[in-house]
Every structure is written in structure tokens, then in C-alpha cells.
Amino acid sequence: MMEKMENISRQMPYSESEEYLDNLVSRVTEKAVEAGKKKSFKAPLWIAASVAAAAAILLFVFIGRGEEKTEGPLDKYLASLPDDELMQLSSYEVEEWEPEDTAIMEEYQ
Amino acid sequence: MTDASLDMDIRAMLAEPSQREKGFRVLMQRYGKVIYWHIRRIVVSHEDAEDALQETAVKIFRGIDSYRGEGKLTTWIYRIATNEALNILRKRAGLFHSIDSLSPQLLSTLESQASVDADKAVTALQKAILSLPTQQRIVFNMRYYDELSYEEIAEATGKNIGALKANYHYAYEKVKKYLQENL
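As given, the protein sequences belong to chains L and E, one line each in that order. Per this note's numbering, residue 2 is the first one in the first sequence, and the count goes up by one each step. Per this note's numbering, residue 1294 is the first one in the second sequence, and the count goes up by one each step.
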């Protein structure tokens, strides 16, 4: 005999009881809270690790710069020169000698 | 307390950082079983439903910050739960098959997990629903069992209302025909 769809119960044909499902939902809720807290604990750790890495990079760069600043006798000499002489020095270009030029130089010697 | 005022209370708790955990617990108490049954109707297996429910709960708890109170709380929850249920089916179907191809497998799970005391008509209705394409099946379940409006289903699934109405209409006719032939 054909049964009308509207007359069929909307219950599901499974055997899980209300009590079982209440327990399941409680368990799932606790696990989700725990997982959510783990994530929020991990976030500050991740941030702390990033800050530490950035600090290490900055320290490395500053130490490198410090080494660059070490002055030798040439640096002291250049520092003592007036600006116009420094400009002259920086614009001075060494001309490359061609083989023929070498021959002329040898003639003069 | 009415459902609407409880939802408002939950939303208020979720919006307040110090009350979020409590709000989440109240939300799960209120909607946990509803979510379970929505997922179970999609994945059929109890074990898969439990896994998807767990994932849904984690995503809801972690996503509280992104839920800005726009749209209904229920449709936000349904969206997450539907996606998690579909993810389970996608894993079952594998890369090269559509989830619609799982129909025989889902039918066999229904037969093995249905209670021996279950009403024959109730089981037949489930079989009829499992013969539908997945999208029609989800729309049918949300309308027929969860009694959601088309607007709510549209918000939860991201589909337009016209398409949902057509889906439900086709699904209803197919289920009716199946029951006429099998009961």
C-alpha cells in the first residue's frame, strides 16, 4: 500500500539515542575548545620566534657594520684630507696602457 | 527562552571576547545535535558524521572572530557543517570520481547502520533521498527535515533561490515517485 510522504515520520532510521548524542556533542565541544586554545597558544609562540629571528638578523647586520667602521692608517689619512682634495682623488681615473704605450715608455727609459 | 532570544544571547556572548568560550558551549548545546543530523544525512555513516561534527565544531570555535554577526547564526553554522560533510564525501570519492558516484556506497551504509526496528517507510524515504544527486539531496534535507527557508538555504549554500526552488521541486517529485514504486 502506497504511503504518502507527508505521513512518513521525519525521524531517522538509526539507533543512536538522545543521551548518546548529548554525550557526543559534549565530547566534541571540549575537544574543539582544547584545539582552539592550542592554536591561540601557538600564535604567540610563532610571533616570539619571528621576533627572535628578526632580532638575530638586526644584530648580525649591526655587528657587520661595526666591523666596517674599523679604521686603518689609510682611513685616517683620507679623513684628514680637505673636501676638495677628496673630490680630486675620487675623480682621478687610471688610464689603461696599450702595448704601444709600453714601448714608448721603454724608449724613454 | 525562545530560539530567537537564545540566538541573540549566543551572538552577544560570541561578540564579547571574555564570553566567547561560554557562548560557544551554549551554541553547541543548542545546535550540536542539529548539526550532527544535518551532517549524518549527507555522509550517512555515523563515524564520518562524528568526524565531520568534530571538524565543524573546531572551525566554529576558531572562526568566531570571523563571524561578525552578519547573517543568521544558523546559516553560518550550516555552511561550515555542509562544507565539512562534503569534504568527507570528496575524500571518499577520490580525485577522479564525483561525489554523486558514491550513491551505492551510501545506500549500503544506510542498510548496514539502519536500526532493525526502524520503520520501513522511514528507511525507504532515506533510500529515495540517497538516490538524488548530492546538491538536490542537501537542499531537500535542509528544506524537508530542518525546515529552513529558501533564503536561509541560499545563505548557507551560496546558491541562488531560483535554483534552490527548482532543486527542491525536482527532488520532491523524484522522492514521491520512488516511494510510489517501492512502498
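If you're looking for bench data, these hints aren't it; they were derived computationally from the structure. All C-beta atoms in this analysis are idealised placements derived from N, C-alpha and C, irrespective of residue type, glycine included. Warning: the hint list may mix true and false statements.
[To be verified] Listing some non-contacts, in silico: residues in chain E with all C-beta distances to chain L over 12 Å:
| no. | residue |
| --- | --- |
| 1 | R1318 |
| 2 | I1328 |
| 3 | A1342 |
| 4 | I1353 |
| 5 | G1356 |
| 6 | W1369 |
| 7 | S1394 |
| 8 | L1403 |
| 9 | S1408 |
| 10 | A1411 |
| 11 | A1414 |
| 12 | S1424 |
| 13 | E1444 |
| 14 | A1459 |
[Unchecked claim] Covered, in the sense of this in silico footprint (three residues per stretch, anywhere, with C-beta under 8 Å from a C-beta of chain E), are these stretches of chain L:
| no. | segment |
| --- | --- |
| 15 | 49–57 |
| 16 | 72–85 |
Checked hints:
Separation of E/R1318 from chain L is inadequate, the least Cβ-Cβ distance of about 6 Å not exceeding the 12 Å criterion. Not every C-beta of chain L lies more than 12 Å from that of E/I1328, the closest at about 8 Å, which undercuts listing it as non-interface. Non-interface call for E/A1342 relative to chain L: violated, since the shortest CB-CB distance, roughly 9 Å, does not exceed 12 Å. A beta-carbon of chain L is positioned within 12 Å of the beta-carbon of E/I1353; the least distance is around 7 Å.
Chain L draws E/G1356 into its interface by the beta-carbon criterion, the shortest separation being 10 Å against a cut-off of 12 Å. No beta-carbon of chain L comes within 12 Å of the beta-carbon of E/W1369; the shortest separation is about 15 Å. For E/S1394, the shortest C-beta to C-beta distance to chain L comes to about 23 Å, beyond the 12 Å cut-off, and the non-interface label holds. Non-interface status of E/L1403 relative to chain L is broken: a Cβ of that chain comes within 12 Å, the nearest being about 8 Å off.
Not every beta carbon of chain L lies more than 12 Å from that of E/S1408, the smallest distance being close to 4 Å; the non-interface claim is violated. Distance to chain L contradicts E/A1411 as a non-interface residue, since its nearest Cβ pair spans about 3 Å, not more than 12 Å. Not every CB of chain L lies more than 12 Å from the CB of E/A1414, the least distance being 5 Å, so the non-interface label is violated. Every CB of chain L is more than 12 Å from the CB of E/S1424 (nearest about 14 Å), matching its label as outside the interface.
With a least beta-carbon separation of about 22 Å from chain L, E/E1444 lies farther than 12 Å from that chain, consistent with its non-interface assignment. The non-interface label for E/A1459 is consistent with chain L: the shortest C-beta to C-beta separation is roughly 19 Å, beyond 12 Å. Coverage of the segment 49–57 of chain L by chain E is violated [criterion: at least 3 residues with CB-CB distance below 8 Å; count 0]. Check result for the segment 72–85 of chain L against chain E: violated, 0 residues qualifying (beta carbon to beta carbon below 8 Å, three or more required).
Taken one by one, the earlier hints fail for this structure at numbers 1, 2, 3, 4, 5, 8, 9, 10, 11, 15, 16, listed in ascending order.
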